[in-house]
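**Q** Put the two chains together into one complex, using the hints given.
Chains A and B are the protein sequences, given in the same order. Heads up: the first sequence begins at 755 in this note's numbering, then just goes up one per residue. Heads up: the second sequence begins at 12 in this note's numbering, then just goes up one per residue.
Calculated directly from the structure, the hints in this document are not laboratory data. It should be emphasised that the depicted structure is a prediction, and the values quoted were computed from it without experimental measurement. Watch out, some of these pointers could steer you wrong.
One side of the interface only, derived from the structure: several residues of chain A facing chain B at Cβ under 7 Å [as the list claims (entries may be wrong)]:
#, residue
1, Thr833
2, Asn836
3, Asn848
4, His878
Built from N, CA and C at the ideal position, the CB exists for glycine as well.
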Amino acid sequence: MYNGGKILIGIIVFLLFAAFPFYNNIGKVSAKPEPKLNTPVIQQLAEKKCVEPKDFMKAEHMQMLNDWRDSAIREGKRTYINSEGKPFYISLQNTCMNCHSNKKEFCDKCHTYAAVKPYCWTCHIEPKEKRS
Amino acid sequence: MSMDRRDFLKLAGLSTVGMGAGWVLSRPGDILEASQFLQTKELLNAKQWAMVVDIRKFKTVEDYKKVIDACHKIHNVPDLGNPKDEVKWIWSDSFDHAFPGQESEYMPEEMKHKQFVLLCNHCENPPCVRVCPTKATFKRKDGITMQDLHRCIGCRYCMAACPFGARSFNYRDPRPFVKEPNAEYPTRMIGVVEKCTFCEERLAKGLMPACVEASNGALIFGDITDTNSEVRKVLADNYTIRRKSELGTRPSVYYILDIPGGDGNA
Numbered sequence: 755m756y757n758g759g760k761i762l763i764g765i766i767v768f769l770l771f772a773a774f775p776f777y778n779n780i781g782k783v784s785a786k787p788e789p790k791l792n793t794p795v796i797q798q799l800a801e802k803k804c805v806e807p808k809d810f811m812k813a814e815h816m817q818m819l820n821d822w823r824d825s826a827i828r829e830g831k832r833t834y835i836n837s838e839g840k841p842f843y844i845s846l847q848n849t850c851m852n853c854h855s856n857k858k859e860f861c862d863k864c865h866t867y868a869a870v871k872p873y874c875w876t877c878h879i880e881p882k883e884k885r886s
Numbered sequence: 012m013s014m015d016r017r018d019f020l021k022l023a024g025l026s027t028v029g030m031g032a033g034w035v036l037s038r039p040g041d042i043l044e045a046s047q048f049l050q051t052k053e054l055l056n057a058k059q060w061a062m063v064v065d066i067r068k069f070k071t072v073e074d075y076k077k078v079i080d081a082c083h084k085i086h087n088v089p090d091l092g093n094p095k096d097e098v099k100w101i102w103s104d105s106f107d108h109a110f111p112g113q114e115s116e117y118m119p120e121e122m123k124h125k126q127f128v129l130l131c132n133h134c135e136n137p138p139c140v141r142v143c144p145t146k147a148t149f150k151r152k153d154g155i156t157m158q159d160l161h162r163c164i165g166c167r168y169c170m171a172a173c174p175f176g177a178r179s180f181n182y183r184d185p186r187p188f189v190k191e192p193n194a195e196y197p198t199r200m201i202g203v204v205e206k207c208t209f210c211e212e213r214l215a216k217g218l219m220p221a222c223v224e225a226s227n228g229a230l231i232f233g234d235i236t237d238t239n240s241e242v243r244k245v246l247a248d249n250y251t252i253r254r255k256s257e258l259g260t261r262p263s264v265y266y267i268l269d270i271p272g273g274d275g276n277a
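The shape of chain B in the complex, shown without the other chains (with noise of 0.2 Å):
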């Protein structure tokens, strides 16, 4: 059989056609074409949710250790029992160890020795994001400095960067220090870099991040770009300062300061 060029280069068009007609109809059908994400419609929404520590608030020991036990106890936060491997989602320090070079020898005792609620500040522009070599760590639509811990490689860059101690390694595992643990919340494993999610989880069923929850109004937490919400209220009421703002972070957490001597309803 002779062929011309003509007509073999027909046949050879043909062929073609017909191995990718072929291979389309012997594909499988991809049912997750016909699947969608969507967000929950309970998902409370921002633009940059932020939190106000009204601190005048706090007075007993109390006052603290149920905001921290809050957050601890429902996102499995082990207790490993010394500050060298330690893991901490929210915690409390002293004013010169939370607004460092803003302390005097001559301010007010009560200041001086009062404890400060620290976590997360979820920075605007966070330095954590920008360290991370496998974008673990990363800034979400709603202002929630996030991380996947799928991710994590435990490199602990995110920790030399943050300005604020935020962010906890987990040096051993951690399976064994959880006491009582939330069965609807995974733990963390030895080896990757865990802190505050701002409650992300809460957020998307429509509730208030635990600590402020459990708070009694200390905490008060909403999307700082909406002029109408809590948080911009008590912003516009109240002088606030926030931790190392000359970094240029931008942090969302603000600091409602007891003023001693002052009429107390700034």
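Only chain A is shown next, with the shape it has when bound in the complex (with noise of 0.2 Å):
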């Protein structure tokens, strides 16, 4: 092999430079996100429930907003039906986020953690957090 010790100090310093972010962060437990619930609204309730139970949110609340953005603006269909018979009326500002009024502690700690940035707040106007 020509410059065979070139070449190979060379992959190490690559291997080295690539695999930085891992050897990096070897042992570094970054804190599992815990989104809070305990708004007042969230607190008054007799029955602490979202509008489907909890785990089938965590999956896919991002699918469901869409759903209600396209049910609402598009179909003017704005009451839903969840899966135990309730009504919600559809309206992410007036429904979700009177509930979840607590943004920074509820959906930027995980989308935080994932480094998922929604666009919703360019123009829905994030509830108004109280600093107590």
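**A** Have a look at this one:
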């Protein structure tokens, strides 16, 4: 092999560089995101339930928000009947964020952790969060 | 192990069925199938919403202002402070601008200088809808020319197509220019086109459009296909004109004009 040494050194330098994020973070555990549900509105609910069961909301809320958006705007249907037959008014600002008025402690917790940036809030107004 | 063709085909068929069954069983329960979307109970419904502007009842500057402010306040319409960037849902303009081609040099002075309340005409044959490449603007079943701003790509074809100048483009981020945001309604973002929606969000709650409510009877709103509706009665009793009706867009906003020299109760 011509210039074998140089090539090997080159490969090692490249691998060190490319793997930097991995070995740099070994042993460092980022805290698991724990979205908070302790808003005043939620605490006053008799039954602390979201529109659909928790596991479903965790996995599918993005799809559901898209469905809500299309139903409300394109079809003009603004009532959602959930799997238990309970009706909800379809509105991100007035229904979702009425309970989840703590966007920073709820939405942002996981979104920041997962490095996703939903663009809801370029138009929709986020709830005013009370600092206490 | 040897297998003849017959057995092989049987086994292959059975495996295919088995794979299908496995997929059906392992699929997570789809909750959304159990759910449905309905129209709100309070909804005001129509086949074609329409508005009559009784311009005789607009007398003072205040009459125009309260109607325009009512709309712009609840819909978070920004006040950018210069006509180049202006965003408007409902506004006023002179006769020769509102009804070009209908003015004449010798028309009553009063009419020449009168301001007319203008808004999206929610045309029955809307050119803005025809040109929109993403179907962001579309015609609803109740005749409202609606926009889905999630889909707007800001190409401004609709602005070029609309003969009434009813559409405004957000050349700048409107957020900082909304003085008292209404937390129940979204704002818009930079790069989308917006206009009047005939307050579809209020109709869904059984409320009249904000401008109609604030107008003290100067704006009349209703279903034009319903012969018993108030708009139809007003249209039957008064001579009305529409903006640029010769273009064939069939606007749904009608104007009752002041007739100076007439007896005032046409």
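**Q** Hint by hint, note whether the structure agrees.
**A** Right, here's what the structure says about each hint:
Checking A:Thr833 against chain B by beta carbon gives a least distance of about 4 Å; that is within 7 Å, so the hint holds. Satisfaction of the interface hint for A:Asn836 is found here, the shortest Cβ-Cβ separation to chain B being roughly 5 Å, below the 7 Å cut-off. The criterion of a C-beta within 7 Å of any C-beta in chain B is met by A:Asn848, whose closest approach is roughly 6 Å, and the hint holds. Satisfaction of the interface hint for A:His878 is found here, the shortest Cβ-Cβ separation to chain B being roughly 5 Å, below the 7 Å cut-off.
Every hint from the earlier list agrees with this structure, and none is contradicted.
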